[in-house]
Amino acid sequence: MRLIYAFIAGGLFGAGLFISGMTDTAKVQGWLDVFGDWDPTLAFVMGGAIIPMAIAWAFVPGRKPLVGGDFPTPPEPKIGRDLVLGSVLFGFGWGLAGLCPGPSIASLSYGGPGHWVFVAAMLAGMYLAPMLRLRLDRALPAE
Amino acid sequence: MQEDWIWGLIGGLLIGSGGAVYLLANGRIMGASGILGGLVDRSGWDSWKERAAFLAGVFLLPIPLYPLYRAVDTHITSNFAVIVAAGLLVGIGTRFANGCTSGHGVCGISRFSLRGIVATVFYIGAGGIAVILFRHLLGIV
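Protein chains in written order, with our numbering: chain A, 36 to 178; chain B, 32 to 172.
Read the hints as simulated data drawn from the structure, not as lab findings. The reader is advised that the hints may include incorrect statements.
Stretches of chain B that chain A covers, calculated by requiring three or more beta carbons in the stretch to come under 8 Å of a beta carbon on chain A [as the list claims (entries may be wrong)]: (1) 61-70; (2) 79-87; (3) 90-100; (4) 115-121.
For each residue, glycine too, the CB sits at the ideal point set by N, CA and C.
Chain B with its partners taken away, still in its complex shape (with noise of 0.2 Å):
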């Protein structure tokens, strides 16, 4: 649609808003892959209750917003195999890398950080590849 942009635009500095306040007040870096990844192999469970907190945010918030936007539909693709060699490539990479979209790309580019710069470009790369191989070679998703 030809909105979408001025959505996008609004949503991010809705992002990078969130990541202001998480490094400001928290001194924290926001990032969505080592939150959740501090919990689940408890290197970060000092601060489990922080990470808890923010997580139950970004779960909860979408929830009111739903009159504002136009659709909720994800497209996600029916096929689970897919989507489980997905999100295992996803948690073992954002792991390896120790930063996803928002800790590498968000906070990363933003502060300048060469690792979060090369880390984008890779990711970036990777994902192109795998939409070309995947959507225009292979016809799955």
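Bound-form chain A, shown alone (with noise of 0.2 Å):
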């Protein structure tokens, strides 16, 4: 049951990404540009997933997950270098090519050569990163 509930979350997740035009990098990059011909959707699209997602969490209080198990606790509201930086260099990239990482696998299917492209570099990204991480360890100490 596992299996079959996270592809329905799955499939959810990228019919709407696709309804809601986030594989169009145009529309990402038109609602972060403030100066230009600013595109209002993305904040649509926030808000209306902002809207279950908050009514589910609602819900996780004194209950467990219908496959068993815990529900995730809580992270240490922690502020430190790595989400911060972490966030920089992801929106950067982010407003580059107007693609984050749910929206690029959701287009595989129709978007061309270039998602594909986007794909390989950010996995291997994804693949460097806990090197990169450990570098900046001994060069900069989190705390």
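Put the two chains together into one complex; each comes in its own frame, and the hints tell you how they fit.
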């Protein structure tokens, strides 16, 4: 069942990314481009996505997931070097190509070779990240 | 187009519903970069089937929907150097920050997570700066 639920969740996510236009890099860059011809779509997508998710979080206390186990505990509310630096790097890449991880997968079937190149580079970056973090820890300790 | 925001809202509700299913059924946070990253660096290898099933859904479900949506053109740049640089930045950045638009943005903000909100402020800010720099000043994208 766990796999079926995961497939359904992924399917809803992929379908939503497609329907909302978030796999269109022009719409994402258009939203980030406050000095150009601003496109408000992304704000509606974010707002729309947060509603069912907030309802889901309200169900969590005192309950267990359907397949068993436990719900994830909230992470320590720590705002550190990795969170800020990582988000800045990610945001820069996001603005550059207009793609983030979810839409890059959802658009693989129709986006053309550019999307495959993007995903390959993204996976390479994910592979390199732990090594870069070790180097950074040596050069610039987090705390 | 005029009705774009309606499609955005409907799509957003679907995205959030996916996150709700993943949370309430499987007890997991729907973060695209975490699901992928755990496979790439093997830190989430014990749940690879669940991750693969999720990603299969993300990849496959848009296909039957092509006729519903107006156009499937993604307007991605033809400059492959830009694509590679952007992909590397997204991959490294999301693993450092431990989340992206879905994990920190959708799942984090909806539980009023301070980390999610701070991450979202920084990646949107950096994204805006990237667009200003590379579109308006340098004219590359």
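| said: Could you work out which of the previously given hints the structure breaks and list their numbers from low to high? | reply: none
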